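A.B. asks: Okay, here's what each chain looks like letter by letter:
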Amino acid sequence: MALTKLDELESRSIFIIREAYQQFRNLALLWSIGKDSTTLVWLARKAFFGRLPLPVVHIDTGYKFPEIYEFRDRYSRQWGLRLIVGRNERAMAEGMSPAVSKLGCCTALKTEALKQTIAREGFEALLLGIRRDEHGIRAKERYFSPRDRNFQWDYTNQPAELWDHYKNSYEEGTHARVHPLLDWSELDIWRYVLREKMPICPLYLARDGRRFRSIGCHTCCQPVASSAATVADIVVELATTTEAERAGRAQDKESAYTMQKLRAMGYM
Amino acid sequence: MPPLPQDTEQLKFVIVGHVDHGKSTLIGRLLYDTHSLPASKMEEIRKASEDLGYDVEFSYVMDHLEEARSNRITIDTARIWFRREDREYVIIDAPGHREFLRNMITGASYADAAVFLLDAAEGIREQSRRHAYVLGMLGIRQIIVLVNKMDLVGWSKARYDELCADLGRLFEALKLRPLMMIPASAKLGDNIASSGANLPWYDGPTVLASLGQLKAKSAPDAQPLRLPLQDRYTVEGRDILVGQVAAGRVSAGQDVACVPSGLRARVETVEMFGQSRRDAQAGESVGLTLSGDGQAARGQVVCPADAPASSGTRIEASVFWLSERPFSIDQKLRLRLATQQVACTVERIERLTDSSTLELLAENAQSMSAAQVGHVVLRCERPVAAEPFKKTPELGRFVLMRGHDAEAGGIVFAVGA
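Chains as they are written, first to last, in the numbering used here: chain P, 1 to 268; chain V, 1 to 417.
Where hints are given, some of them may not hold.
Keeping only pairs whose Cα atoms sit at most 16 Å apart, straight-line, the calculated EDC-like set for lysine to aspartate or glutamate is [said to hold, decoys possible]: (1) V:Lys12 - P:Glu8; (2) V:Lys157 - V:Asp203; (3) P:Lys5 - V:Asp203.
Note that these hints are calculated values from the structure, not bench results.
Computed from a prediction, not measured in an experiment: that's the story for all the values here.
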C-alpha cells in the first residue's frame, strides 16, 4: 500500500532527527510544550525506539500558563525525558515583563534565556519544531540552518541544501538549528495528533466557546472563538478556516517585521 | 459534524523562469483564484482591485521580507500551499536572480514537477535557459510551460507560435519534453483558473487543469532494495541499524549485502517503534537487526544479496557548480552521496558548458565557475556505492563539499573501479 502524506512526513522527520543526532555530539530538543514541539518529542521517541538520548529544553519565561507547566512535568516523567529548564533569572528578578516592552520581553526572557542555556550546556545544535506554513519568514528556513557566534541568521546567504544533504560542517562558534517539521502544516500536525492519539496541552481545546491555536505566555496569547472541544473537532475546524494561525499572537501584530527581527536576532 | 478530511496526496512543484517573467504574480493569482488566502488578505486584495481597477499587484502576497519588498525580487526558496479537488499543492518559489542559483536548485531538488514561465514580450532569456538546464539535470520530467504576459503582446497567436518554436528548440537541445504549453496572463487571470475571454484561439487546458493531471512522485517500490544506513544504536542491549528505505522493500528473513563493504547478512527483524512489522517499503524510516556480527555502519547501503548496487572509486558525472567561488582542478573535495561521505578529486573536466547559453566553453578544462556545468571524472579516496541516476536516482545524485559548504550538485552517469 502506498504511504500516505502523514506516513511520508513522519518518515522524513525521523530521518532528519537521526541525521542531526549522528552529526552533533551535543544536541538538544527545544520543547515549548506546544503542539508542534510535542509532536517533535513524539517523533524523536520513535526515531530512538522510545528513549531519547538527548535532553529536552524548556525556555521558561515565568509567564507560561499553568496548564503548560502541568503538561511538561507530567509527560517528561511519563516519557523519561531529561528536562533542562532555561530561565533568564536575572531579567526575571529585575521585573522584565511585556508591560515594559513586548519585543524587549521576548528578547530577554526567550532569546537571552536560550543563549544562556546554549552557552551553559555547550549545545552544538537544537532540534526545533517550526513549520514553513506558520509565518512568512519561516517559509525561508532550511532543514539545517546555521546561526553564527552572535546568534545571527543570515537569510540572504544560506547554504545549498540538495537532496537531503544537510549542512554538516560549520565555522567554529556557530550552532545549528535543525527543523524536522518544516514540511508539516498546522492541519497535518492535528491530523497526526489525532491518528497517534497523542496527548496534547488542554489549552488547545475549546472551553466556553474559546480555545488557543497557538500557546505561549498568558500575557501575550489570546484565544480565538471556537467550539472545537476535541482534537477531531480541531481537524474539522482547520480544514474550513482561513484565519491565520498566529492571529492571537501579539508579537506578530505589533509590527509587520517584529517576527523577522526576532528571528534574525535568534528567536525560535 | 462534517467528515474528517482525508489524508490526501501532495504535489510539489517549482516555478522557474527569468527574473520578472511573473513568478510572484502567478503565485498570488493561484492563491487568489483557489481562495487559499486568509480572509483578511483577500479583502485587502479586493479593496486594492477596486481602487486600482484590475491592476492588482499579486506578487506582494509573497513578499514577506524587507529585502524582497525593496528589491522587488524574491530572495530565497519559499513554500506556499493551496488545495484543489482533494489534492494539496505545494509551490516551491525559486528566485530568478543569478546569485540565488543555489536557492533555486535547493528548491527544485524537492519538486515533483515544474511550471516554466516565459514573458511573451521578452522571450527566452539567460535564466530561462539556465533554469531549463537545471530541470533537466535534476531529472524533473513533468514540465508545464506558461507563456505569460500575453496581454503585453496583444494576445497575439503569431507571437505565441513563434515562442513555442523557440522553446521547442531549447527543450529539444536539453532532451526535455514539456507536457503542455499554455498562453496566459497571470496578472489578468486568463488561463490560470479559467480560460478567460482574451485567448479564443487556444482550446487547451488552464494551468490549474494541467496541474491536476500531474503525478506526485512516489518512492520507487518495484526496484531492488536500496537502504543507505544512517546510524547504529544500541537499544536495550540490541544493535539496531537505522535508515530510510530509498528504493524497494526490506523484509525479515531477507539475505542482504552491504555495499561497498561487501558484508553479507540476513535481516533478522524490521523495527519501527510501537509497531510490529515484517517489512518496510521505499520512503519509510526503519530500524534493522542483522544476523551475524558484521560491523555494518553509516554509509553502507543495504541491498539484496543477489542484486547489489555497483561501487567503485571512479565516477563519471555531470557537475553543476553552484558556488560564487570558482573551482580549480587541484582542489580537494568531499563527495556526499546518500549517507556516504568520502574525500575525492576531479581527475578530468572533459567538457565545460555554460548553463545559460548551453555553449561548450572548453574541453579538458582546469576550472569551473558559478553556473557552469562540467562533464567530469571523479576519483574517490575509497570505493563508494553509486549507480547511474537513470537507474536509481537516490544513489545517482550527490553534492560536492569544499570547506564548510556544499559547492556543487551532480548526477552520476557511470561508476567504475
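A.B. asks: For a quick check of understanding: which of the numbered hints are violated here, in increasing order?
C.D. replies: The structure breaks only hint 3.
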